[in-house]
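S.K.: Now for the letters of each chain:
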Amino acid sequence: MKNNIALTRYDKNKPDIAWCPGCGNFQILRAMKLALEELNISPQQAVVVSGIGQAAKTPQYFNVNMFNGLHGRALPVATGIKLANPELVVIAEGGDGDMYGEGGNHFLHAIRRNPNLTHIVHNNMVYGLTKGQASPTSQIGFKSPIQSVTDMPLNPIAIAIAQNASFVARSFSLNINQLKNLLKTAIQHEGYALIDVFQPCVVFNKVNTYQWFQEHTYDLPNDYNPYDREKAFQIAIDEHNLALGIIYKNHID
Amino acid sequence: MQKKIKDISIVIHGAAGQGLKTIELFLAPLLLQHTGFYVFSTSEYMSRIRGGNNSVEIHVSTSPVLAFVERIDLLISMNRFNIDHLCDRITKNTTIIADHSLIAEKHSLIQIPLLDNVQNGNEKTIPNSIVIGIVLSLFAISPTHYIPEIKKYFSKATANQNQQSIEYGYQLTDKLCEEKKLTKYKLIATTAKQDHLISGAEAIAAGAISGGCNFVTAYPMSPGTSVFTHMAKAARDRPIIIEQVEDEISAANMALGAWYAGARAMITTAGGGFALMCETISLAGMIETPLVVLIGQRPGPATGLPTRTEQSDLNLVLYAGHGEFPRIILAPGTPQEAFQLTQKAFNLADKFQVPVFILADQFFLDSLYCTDVFDLTQKIETHIIKTDSCYQRYQLTEDGISPRGIPNYGDGIVCVDSDEHNETGYIAEDKKTRITMQNKRLKKLESIKKYAYAPTFIGSENFTFLVVCWGSNYGVVQETLQQLNTTSFAMLHFAQLYPLHPEAKKYLHQAHKIIMVENNSSGQFDSLLHREFNVRSDHLILQYDGSPFSVEGLTRQLQHISNEK
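If you read the protein sequences in the order shown, they are chains A and B.
Residue numbers 1 to 253, in our numbering, belong to the letters of the first sequence in order.
Residue numbers 1001 to 1565, in our numbering, belong to the letters of the second sequence in order.
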């Protein structure tokens, strides 16, 4: 996907990008750059903390402070950065294996601790970089070189709402405009903000494709009230029709 | 009639929950301030909240004391059933005071109503406060000295009851002395030159504060928690962030994130907790972000003996983390050294951008030591630079140390990467970058060596036997050699274990026989000396039963070696 928009302060000159053609990560990268630019945050002020995996490479490809650490550990690093310098805009970013598998405990406790940072999870329901194994969000029946999935997928949205997370949203990478706006709202939100982003893996996930996500997702209506926790939970546990937008907020900004 | 003595060892025995810690923390400073003698206090306890057999040893002497002794001159037991726990250490010279219900046929006891909770004025007696009263009476510390301390130490609600119990014990003991069943202690007149009492944990916390530490993370684990607790207390009126996290992995990563953003962070843990942090230590080595880690050692493997002492995590710390990168390991032997080296740890971490470990143990952290006033001349050194728009986090330099910027301080951006990276900090997989960057990181060790802390040599230059030790064994080796009082023994104590100071070689080569003293079962430091200096100890004195070396035990072993032909 070619970037037709004029170069921003966040654009790097000819980055050597290691993503596969057609990967949803490109759209997420673009939405992030646009969101930060539109919020008039300088690259010096923003820090993107990531783990390991294809999603975690995102900060390599734009001009921003980067802490590319260990698999699963972006949230505690991001929390330490934000505590040490609250002036910084801190984003923790990684894939579903990184954030919900290896880093699952940090996910639960970041919600409790409620640091003022944005948590972006590229959720493609498969392990890409290690070549196609099941992830914590892979659906039952998903076939990989290792397994035919029998474990129930982790439901990050339901977990976050159950823990009364400060801000819970879901997006789909193809809808760059929606994602950009959600990112802007999340960054401006006071407290921990989760954005789970559906992102097709064009190489290893032949089930949850662009078409599959289009068929199984819908946008929450404009008059949807994200402050109703019970309603939000109902939406979160619906595994057939997957809502996109701000699903839950525990306080009004 | 008072006994004139130079040195007395008092042991208080009781169960968890009976307030042994209160006895120790209340008595030790009073004894130091109002007898003029040196005081050292150490406790041993079981891994439980209530019950069991615990004891605290308060060692009072006319000369400085830094070590555990087996000998018990006065034993006061709050145990109703037996004193079997301490049987090996009781001799015919041990005076034993116990509750009147205790039956111990082998021993002659002075029995008093200690545990009855008798009505005493309008309050019931409290056993541990009676014990405090007994000791205060035996040292003839006057009420004008101890009463103000009661108000300071106990809460308003309990101060009165505790005071009455202390007075009850005091008067009971005075009466026993009049009846000549007990004798008051009179030590040979002296004035302790070190009039501050501090635990190893407090000394490390004080050093951290003086080193500019402003961020501490931990998951509670004995014995490292004591330092965390002191830091949390200090943080009440200082700008220090304290975060108890979900696990040790989070503790290490959060601290690393804090350093990256400009804080001076410390992690406190024990060997088991540290094992969980090893991947993050490797990350610190790769991204060249400073880190300070306090490790309180206890016997392993696994949960081992959670409340006991050992020096068995040197190898863990020396080799922690995959891949190869420089590090610094410190192991202070005295509170003064703990203060100075912890302070220095922050400067070293900042300067060289490497992980710095402070290797302590349960014995050192929990014991109370007399100490001089700490030397405050060492200053906080920071090495953070303001970045420009061309800033490269891993700029190649002569000594391998790249100027360290932090986010949003200057016009540059700061990129650190767990992957092998180029000078800018971005992922790079080519061989040339790999070799250049690995050499750059390793090169820092040469500069680090120039800042190494020299080992402490004590003894005559004409020694035959060199007793080598590290960390908390400073005190016991020093006291043992003083008692042996011969020029044939000298000691060499290492408070920096890695990298080693080159001066150490001189002493090691001069020794006819090297005797290594370590609280572990394999001689880990002996192996390190062999690795670094190609020197091997002639004798290993190893102890790994969970207790610290005693002066008597070490004396026996050294005498045995010196008598060998």
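These are computed hints drawn from the structure, not numbers from a lab.
A hint or two may mislead.
[Unchecked claim] Here are a few chain B residues that face chain A, going by a calculated C-beta distance under 8 Å: (1) I1241; (2) G1262; (3) V1416.
In this text, a Cβ means the ideal position worked out from N, Cα and C, and glycines have one as well.
S.K.: Is the interface hint for V1416(B) satisfied, with its Cβ closer than 8 Å to some Cβ of chain A?
M.R.: Check passed: Cβ of V1416(B) comes within 6 Å of chain A, closer than 8 Å.
S.K.: Would you settle whether the hint for I1241(B) is holds or violated, based on the nearest Cβ-Cβ distance to chain A being less than 8 Å?
M.R.: With a closest approach of 5 Å, the I1241(B) hint holds.
S.K.: G1262(B) was flagged as interface toward chain A. Is the shortest Cβ-Cβ separation under 8 Å?
M.R.: holds (6 Å)
Of the numbered hints stated above, none is contradicted by the structure.
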